[in-house]
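2 protein chains.
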Amino acid sequence: MTESIWTRKPKAAPARETLTREQIVRTAMETLDADGLAGLSMRKLAAKLDAGATSLYWHVPTKDDLIDLLIDEAWGEIDVPDPGLAGWRSGVLLFAHSLRAGIMRHPWLPEVMYTRPSMGPQAMAMGSRGLALIGAAGFTGRDADFALGTVMSYVLGSAGGEVATRQMARKAGQFVEQLAGAVFEQTNQIADDTMRESARRRVEGDIEGMFYDSFTYGLEVILEGLSRNATE
Amino acid sequence: MTESIWTRKPKAAPARETLTREQIVRTAMETLDADGLAGLSMRKLAAKLDAGATSLYWHVPTKDDLIDLLIDEAWGEIDVPDPGLAGWRSGVLLFAHSLRAGIMRHPWLPEVMYTRPSMGPQAMAMGSRGLALIGAAGFTGRDADFALGTVMSYVLGSAGGEVATRQMARKAGQFVEQLAGAVFEQTNQIADDTMRESARRRVEGDIEGMFYDSFTYGLEVILEGLSRNATE
DNA sequence: CGAGGTTGTCGTACAGTGTTCGAGTGACTA
DNA sequence: TAGTCACTCGAACACTGTACGACAACCTCG
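In order, the protein sequence lines correspond to chains H and L. Heads up: the first sequence begins at 6 in the working numbering, then just goes up one per residue. Heads up: the second sequence begins at 6 in the working numbering, then just goes up one per residue.
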């Protein structure tokens, strides 16, 4: 059992004022949320901490490991209600919405989380509580894995798509008009009327509400399908 | 309407033997599939084409644009059956499986597709055909968007998770034993029995079959939920 | 035939990246 | 007081994407 990122000695007395891993993780999270993955470099991060560029490497083995820590930190923010508080159905609903909100707070997550498995303690805790929740619906063993996986895959996929669409608006200069213009440029070359209208719906009107409606629609569909397999 | 990556003049006579965008896209796709996103650099790609490092920039504006082209190329491989061939239900099923297979062939997709919206012609065509398919179930307007979005979000999320898990096996040196070891190292620190067993199921036995079963389980759930809303 | 324009290639260079190495500093301990 | 640990950091290496400008091959027009 080799030493991993997650295991750390409880750290002795701080002696003098010094850089800490917690500090690094915190400001890295801030820059990541604000500037995206491309905006995070070890040098810039160190500068933001008034430290030398390579000082970070004493606290964190590598940038990839730092990102692992950040991902796990994000998972730690997700609410997974205790089963039995209000029934499994509303519990899963709350969990799903919390997960989506987490992705929206940390829109860099979809970009990085599909390049590695999440095995940090917070990810494990989330899975553990998720299984407990889905277990309250009567799912056990493989079925519990699959049922929970269905919900999470959908939420992550849906939120990822939402993030991708929002990213476009950022690049287009924060103005919905330009976003719409870009979409129209494409859709005008599409012969299909149904598709053209669909694309148009995606940039006209209440976009925020549309994202939400789309998300809850799929969530309802899945909960509907799941309850056919649930035993209580 | 500014000129975009997707619009290109029909190219005149080739005159002399020269680099083409198609050629670049093709070998870029090969390296991407084989070595992943991190393995693709403009210099290495040019070398593989026996070209100078910066020659590519005459055919492609930027690396990001090249990746846009590659993403759209991948979407072009996805089968979306005509509605009415065998009913919408089996059509959606076939589409979903084709989409998953596409992600497996191009495991770099999840890593990049959440950083930008897919607006290439092939993406549009896929959406268009998808809407036609879901329309055969009686969905129209916003409902059609949402129903199709539910299926696609789930498939992309599920396949992304599968890719992430497989990636771990690669890093662990292609040996399932090491993969299992890594998981056990983590899970042994988890107090919850249910979670420990769940994680163990994920690395023991027929992993390939488990991925497949998990995917089809969720797909069934969604089709079940959708057919409650379908009108035919 | 020769001049000019278009199409395409590519060497050089710049600013940036993650990371290694080894020297250095401060504080605690024997 | 000497030694050891915990920690910082400047310099350097091997990369990266890309702008620029010089060059060459071909086509077209006079």
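Don't read these hints as lab results, they were simulated from the structure. Only a predicted model underlies this, so the values are computations on that prediction, with no experimental measurement involved. Among the clues, some could well be false.
You can't tell identical chains apart in this list, so a pair holds if it fits in one copy or across any two.
Claimed, not checked - Within a straight-line C-alpha distance of at most 20 Å, the following computed SDA-like cross-link-like pairs (lysine to any residue) qualify:
| id | residue 1 | residue 2 |
| --- | --- | --- |
| 1 | K68 | T145 |
| 2 | K53 | L42 |
| 3 | K68 | G44 |
| 4 | K53 | T199 |
| 5 | K49 | P126 |
| 6 | K68 | Q172 |
| 7 | K49 | E27 |
| 8 | K49 | S103 |
| 9 | K68 | V117 |
| 10 | K68 | G146 |
Verification of the supplied hints:
| no. | hint | result |
| --- | --- | --- |
| 1 | K68 / T145 | neither (38 Å within a copy, 47 Å between copies) |
| 2 | K53 / L42 | within (16 Å within a copy, 29 Å between copies) |
| 3 | K68 / G44 | both (13 Å within a copy, 17 Å between copies) |
| 4 | K53 / T199 | neither (50 Å within a copy, 42 Å between copies) |
| 5 | K49 / P126 | neither (28 Å within a copy, 38 Å between copies) |
| 6 | K68 / Q172 | between (24 Å within a copy, 18 Å between copies) |
| 7 | K49 / E27 | within (17 Å within a copy, 38 Å between copies) |
| 8 | K49 / S103 | neither (31 Å within a copy, 42 Å between copies) |
| 9 | K68 / V117 | both (12 Å within a copy, 19 Å between copies) |
| 10 | K68 / G146 | neither (36 Å within a copy, 45 Å between copies) |
In summary, the structure is inconsistent with hints 1, 4, 5, 8, 10 from the numbered list given earlier, while agreeing with the others.
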